[in-house]
Every structure is written in C-alpha cells, then in structure tokens.
Amino acid sequence: MSAPTRAEVCVVACAETWRGDGAILAGPMALIPRLGARLAQLTFAPDLVLSDGEAALVHGDAVEGWLPYRAVFQVVASGRRHAMMGASQLDRHGNQNISCIGDWSRPSRQLLGVRGAPGNTVNHVVSYWVPRHSPRIFVERVDMVCGIGYDRAAELGAPANRFHEIRTVVTDLAVLDFATPDRRMRLRSVHPGVTAAEVARATGFPLAAPADVPQTRPPTTEELALIRDRLDPDGLRERELR
Amino acid sequence: MSVADVVGELRSGMTIGIGGWGSRRKPMALIRAIARSGLTGLTVVSFGGPDVGLLIAAGCVRRVVTGFVSLDSIPLEPHFRRARQEGTVTLTELDEGMLYWGLLAAANRLPFLPMRAGLGSDVPRVGPELRTVRSPYPDGEEFLAVPALPLDAALIHLNRADERGNGRYLGPDPYFDDLFCLAARRRYLSCERVVGTTELVDGGPPQGLLVNRMMVDGVVATPNGAHFTSCVPDYGRDEAFQREYAAAAASPPEWDRFRETYLDGDEAGYQKAVRAR
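Order-wise, the sequence lines are chains Z and C. Residues 3 to 244 (my numbering) are what the first sequence spells out, left to right. Residues 804 to 1080 (my numbering) are what the second sequence spells out, left to right.
It is possible that some hints are incorrect.
Below, a sample of chain C positions facing chain Z; criterion: calculated Cβ distance under 7 Å [what the hints assert, rightly or not]: (1) Gly870; (2) Arg884; (3) Glu899; (4) Phe915; (5) Pro931; (6) Leu933; (7) Arg934; (8) Ala948; (9) Pro975; (10) Asp1037; (11) Tyr1038.
Hint data in this document are derived by calculation from the structure and do not stem from the laboratory. All C-beta atoms, glycine included, are put in the ideal place defined by N, C-alpha and C.
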C-alpha cells in the first residue's frame, strides 16, 4: 500500500477528535471531517452517532434512526454532540467567524451567516477543520464572533460557560489545541513533512508550541484500507485540500 | 385558491415567514408570483434559500430575519450576498436555533423564550434589541431572551393536501413548516397535488400529516411548485437549473436575460420555459 497522503493524515486527525466521546452525535461539516467521523465510528468509536446529512442516522452503511433538523437543535441543547465546523477566520482564543468579512453592517464579503455556531459553542464540544492553513484565516481578531472562544467564554462566566469546550483545530498542516494555562491556541502536532516553522509562518498570531513538536499520528494500514476502499473510493478527499 | 388569490391577500410591508430549509421544499411558485406582484418593504423570516434571493432580486424585501441564506450545494445565495455587500437590505442575523425558538415563542403566544445560543457571541452586538433574562429559580442563570417572531403570513409547500387545509409531507424532514403556520396570522399552503381527504389520510402514516385545517387558511395546487428546490420524493433539486440561476445572478445583464426567460411571465410560462431547456 502506498504511503498515506496529506488528506488521509487529515482524515485520521479529524477522526481522533471524537475519540472517547461515547454515544453522542458527531457533526462534521465538510468531507474530510465526515470521513474522519465515519472512520472513527468504524474503528475506535463504535458508539458515535452519525447523520447522513439529511434526516437519517446511520451506523456504517445502515440506517438506525431519524433525526430531522428540528431534533438536531434538541441534541445541541442537550450537549450530546461534538461538531467539527469550518472557519473563515479563527483567532488564538478559538473565536470563529463564518458570517462575513469586514464591517458587519456593510461587509466586503458576505459569507454563510452565523448558522448554528453561537448555539453550538455554548452547548457542546466543538472542533474546527481548516483545509488551507493561512494567515488570512488564523487572524489576530475575527470580524464577527459566531462561535465563541475561550476569552469570550471566560467573560461570560459561570454557570453560562460550563458547556464550552473548543477541543481541537485540524488543518492541512497541523493539529492545534488550547492546552495552555491561559487557553491560547497551541501547536499540538505537525503532519508528516511539515515543520513547526512552516505552521508559525502560516498563522497570523504567535502560536504556543512545545520545544519538540510531535508528528501527527499517521493512519494505520487498516485505517488506510477503510478510507481508500470503503469510505472514499473515488478519492474526493484529495480535492478538499487544493 | 389560486396563486393570485394568495398573493392578493398579501400587502407591502408585511412580515412573511417562508417554510422549507435552504434550497429545499420552498414554495417557489408563490415566491415567483410575489416577485412579479410589485409588493415592497417585506420582512422575510426564513431558513433562507432562493426564496430570499428571488424576492431580494425583485426589490420586494426590506429586512431579512435568518441564520443563513444558502443554496445548499452552492453555499452562498448570490442575490443575498450582493444585497448585503451593497447594503440594500437590512439583516436580523440570528443563530439558526434562535430562529426556531422565536417561531416557537410566537406559536405559543409568548413574548420570548430563554436560550443559551447567542450568549458571548456577536449576535447581540449586531442585534442590540436582544435582551437577556435571569432564571427566577435558585440557579439564577442568565439566558438570551429570544424574542417571538410573529408573522403576518406564512407560506409553506408540502407534497399533498386536501382542499380544507390538511397537509402531508412525504420526504424525510418536516423542517419547521408547521411552526411557521402556528406563528402566523394568515397561513397559505401550496402543494404538489390536492387530493381527497381519504386519499390524503391513506397516503402514508398519520404522523406525516404535518399541518391540519386549524393551521391553514388557504390551499393552492402548484405542481412542480417548489422547483428548482427539492420536494422529495416527488423530485430532487434541479442542480443544473440552480447553477444557471446562480450564474445569472452574477451580473445584471445575465440576470435580465434569466428574468425575461423564466420569470416575467406567469407560473405556467415558467414551467414551460423550464421544460424547454
């Protein structure tokens, strides 16, 4: 079997974000996180609950339940969910923007809108997937806080902030987290072939990092086979990184 | 009722809720008729898709109340995007769950419902009318008080209905169509086919009967009336047409051509032009 591609490393890094979550709903918002959630469900996280993106819950290739949009909001409010959202902008505290670029009242670029990000980040665990790690996305300050980061959660105070957790940020270059004393973004691992300096250059704010940055875990042979033969035989994952 | 009867009951300046979700099961035949009607100053409440875009393009909209406006397979609605960037519509931007809660509050004749969503985010910054409320119980927790979203009129599209206003969805998701009806003073249901009550009831399990005649003031048959959005299982989204719509929206001359081809005539003309592609 040929060596894992960057996209395949990313699929596994995304899968890892749901490790240990138990019977909760995964909420992957793009292809590579979706492949990651399905991979996790097929391997080390068999209890993970997955939607087909419409109204069906699926386990492997079989339907196991019904979850229309209105019921998703109940799951969000109950906290039994770990979503992996996208981010047009993300700051060192984990504040995320998907609404617009520029001044909200007259944006230079209208984007998706806040969608469910405000509710997700005060109710359950959230991770982010950024397929193109760049200083335009990792910014000093986001233009519109949709998903709230650790500084906003701290300002909100207890008990309102008790369900807030931004767990990981997976990018095409690295895995990041907030395991620092002041909950600022930190480089947890670099993907094979990437250096910490490269990640620092692609990040628009100073990034905490250990002296020796470990490498992101590569896929096992079994995981690679599942990704290539079963989950994404057409190789669509490779396009998401371009 | 006819499509014209429904539009005849609407007035400029009304707040209109539209069912469906993104580019799914939108009452597009009614939307196209409103776009031709010359109504202006509408506030549109919607889990937004091309319903919002078409009404903006026709100059009908003053304010949009939403958490997103998307064509699903094309993430950004081009007319909404341009209107925001040119500052031609006002936006009330809510978390998707807040929009749900606002409809639920209106349906229950409550002024607001408490919610966590929005706390700490910039949603209250860009919506300074939003207030918080403290729990009167010993927990004392503070919540966002999501204001009710009462509607002058609701427009929804279902697969089947009878003349009296009982309606059934056959697809996998009810979206929030029943709530839009419950939150509105006047409620209009367009459907793929009007059938007898017995056929409606026999057409699937009872829980698929999403709305009943207490919740609906008028029924209109609009075959293929959700086009180009999806109305499964009757039809899926017309992706090719949606791409044509989005491409046309990119420039005024292209949009003029699109409008002349598809929108300037009546609904029968639209359906004929769609078939003739």
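Now the hints, each set against the structure:
no.: 1; hint: Gly870; in the structure: holds (6 Å)
no.: 2; hint: Arg884; in the structure: holds (4 Å)
no.: 3; hint: Glu899; in the structure: holds (5 Å)
no.: 4; hint: Phe915; in the structure: violated (16 Å)
no.: 5; hint: Pro931; in the structure: violated (12 Å)
no.: 6; hint: Leu933; in the structure: violated (11 Å)
no.: 7; hint: Arg934; in the structure: violated (15 Å)
no.: 8; hint: Ala948; in the structure: violated (14 Å)
no.: 9; hint: Pro975; in the structure: holds (4 Å)
no.: 10; hint: Asp1037; in the structure: violated (16 Å)
no.: 11; hint: Tyr1038; in the structure: violated (15 Å)
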